[in-house]
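Next come the chains, spelled out residue by residue.
Number of protein chains: 2
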Amino acid sequence: MPPRLSGKINHMKTIKITAPATVANLVCGFDILGMALNDPQDVMELTILDEPIISIQHTDGYGLSEITEQNVAGVALQALLEAYNKPAGFEVKIHKTIMPGSGLGSSAASSAGAAVAANKLLDNYFTNEQLVQFAMNGEKLASGVKHADNISPCIYGGITLIRSIHPLDIIPLSSPPLFVTVVHPQIEVKTSDSRQILRKEVQLKDAIKQWGNIACLVTGFLKEDYDLISRSLEDVIIEPVRSILIPGFDDVKKQCKEAGALGGGISGSGPSIFMFNKDEQTAIQIKNIMEDVYTKLGVDYRVYVTTVNKEGVKVVGSDEL
Amino acid sequence: MPPRLSGKINHMKTIKITAPATVANLVCGFDILGMALNDPQDVMELTILDEPIISIQHTDGYGLSEITEQNVAGVALQALLEAYNKPAGFEVKIHKTIMPGSGLGSSAASSAGAAVAANKLLDNYFTNEQLVQFAMNGEKLASGVKHADNISPCIYGGITLIRSIHPLDIIPLSSPPLFVTVVHPQIEVKTSDSRQILRKEVQLKDAIKQWGNIACLVTGFLKEDYDLISRSLEDVIIEPVRSILIPGFDDVKKQCKEAGALGGGISGSGPSIFMFNKDEQTAIQIKNIMEDVYTKLGVDYRVYVTTVNKEGVKVVGSDEL
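Order-wise, the sequence lines are chains A and B. No gaps in the numbering here: position 75 of the first sequence is 75 in this note's numbering, and each next residue is one more. No gaps in the numbering here: position 271 of the second sequence is 271 in this note's numbering, and each next residue is one more.
To be clear, the hints were calculated from the coordinates, so they are not data collected in a lab. Incorrect hints may appear among the rest.
What the hints assert, rightly or not - Calculated pairs, EDC-like style, for lysine to aspartate or glutamate (alpha carbon to alpha carbon, straight line, at most 16 Å):
(1) A/K205 - B/E201
(2) B/K205 - A/D206
(3) A/K223 - B/E224
(4) B/K223 - A/E224
(5) A/K200 - B/E201
From a predicted model like this one, the values you see are computed outputs, not experimental measurements.
Model the full structure from these sequences, guided by the hints.
Structure follows, in structure tokens:
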């Protein structure tokens, strides 16, 4: 018989979850769009404790801090426990495969994964929206800004639209089948740096172009119109500035589009680049192009051919199963 | 037997059409969204001629120019005939009920109505996209800018999204049943003036809010989600500036939302104000509020309780029928 907390029956003491990589922005949707991927994914194991302790262990060798206040999963769990208001704690084991600094929502996977797993151990005490709030503390620690464009798809799965952060307003979107090719050139681009180089003001005419594209991209997803998705994958505001930080970006984009990719761009703040494709065969061709560009540039890289993850953080094991 | 032109069989010599009023922008969709209304509508009669003459007659008493080059229908027909490249001309009678300067797409109704009617008389020689191009010449004459946010819904009907003007990319959107209340306070706001007062640069953070709202408004239409439509009807960029030109605007908006309207704002560049409603009963209450505000202000007004027009310019008679 597992011990009980505060008179509530806890069905599980230990849970194992996977947390997907995510692509924020999706070209023209800066700060409002995000998408979960089936590959790569982190694995985490959480055990609930009677005492208000958070203990974090990384088994991935990325050298991330295991001090609660300096760990994105740690601060997410702190926020969750503060709202829970009953004595509880967690022992956390994190095995990341989403590389920190890749622009593929590595910090979001840790903080969202921790929040969702903890909530399962607390018998779903919190709503998904509350979990997003807790997990955003991890984003604040990682990048200085409480943003939800990686956290939301990581928790909800699929493609999510964020109308507003205050109050939180998240809308999950349907989409047609999409194959996604991602390349992570292994150079360092810090989210905080890549935010600072953005201009605080934009031309009204550019903003109009951008909101025409974002409205049409969302329409393309909902109407399952691949051509419209392709035409709308254009960013006249963020990409021209941020892409400068990513060697090979223009080549990758140009060659991939010529080879039949629907379109794509910087994943989050980079350096990863993603491309949408209608079929797997094209997605594989796109992978070859990406490999070719970075091999020629002499830059190490990882590359993924994957699909949209529809489930978000997922339970893959527990002491109950 | 009607005479033949250039060897082609012309089924009709004379045609009568209605052209709907339109609401451009729809709050957060500046320059990219527009919607056709069932009331008010203009009536036009066109007769095809063998000679390259355009003759225009207004029967509405608004004092609009009947000189081809100075009439929005005239310049639209000139552009159409130039592209037709065979000898033809039109005799045009226009009876407007959409008041010029109302912000309800009066110029668009004339130019789009003329282009569509002429095309019917030419056995649908042109595509709808081409008709939009011709009709935009009327908008250029009226406001100095070739914009399509009134022209598109006037021709296609319903709600239309414009991703881009060059090249023209128009996407018709579905929507749930919506009742629309419109008030036209009879003050003068020129489209050209109301464009000039807009700032050329906007804050990036405001632009992000705006594209979050526009993406969600479009999603609300497509998913038939009234709550999402309501939450997304917010404009942080254009409305705060333009609404200053419209007496009573803040009162109308506040009171209408309190009374249950989904939301709304300035129609095009104003001075008309529109409100979306879920049912007719609310739409009528909203009309009473609008009447009350402008009666108290001592400003003359017209008010309409109507629905979204799904057909656009419509043939209501011909010498064939």
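Evaluation of the provided hints:
{"no.": "1", "hint": "A/K205 - B/E201", "result": "8 Å, holds"}
{"no.": "2", "hint": "B/K205 - A/D206", "result": "14 Å, holds"}
{"no.": "3", "hint": "A/K223 - B/E224", "result": "13 Å, holds"}
{"no.": "4", "hint": "B/K223 - A/E224", "result": "13 Å, holds"}
{"no.": "5", "hint": "A/K200 - B/E201", "result": "10 Å, holds"}
Checked against the numbered hints given earlier, this structure breaks none of them.
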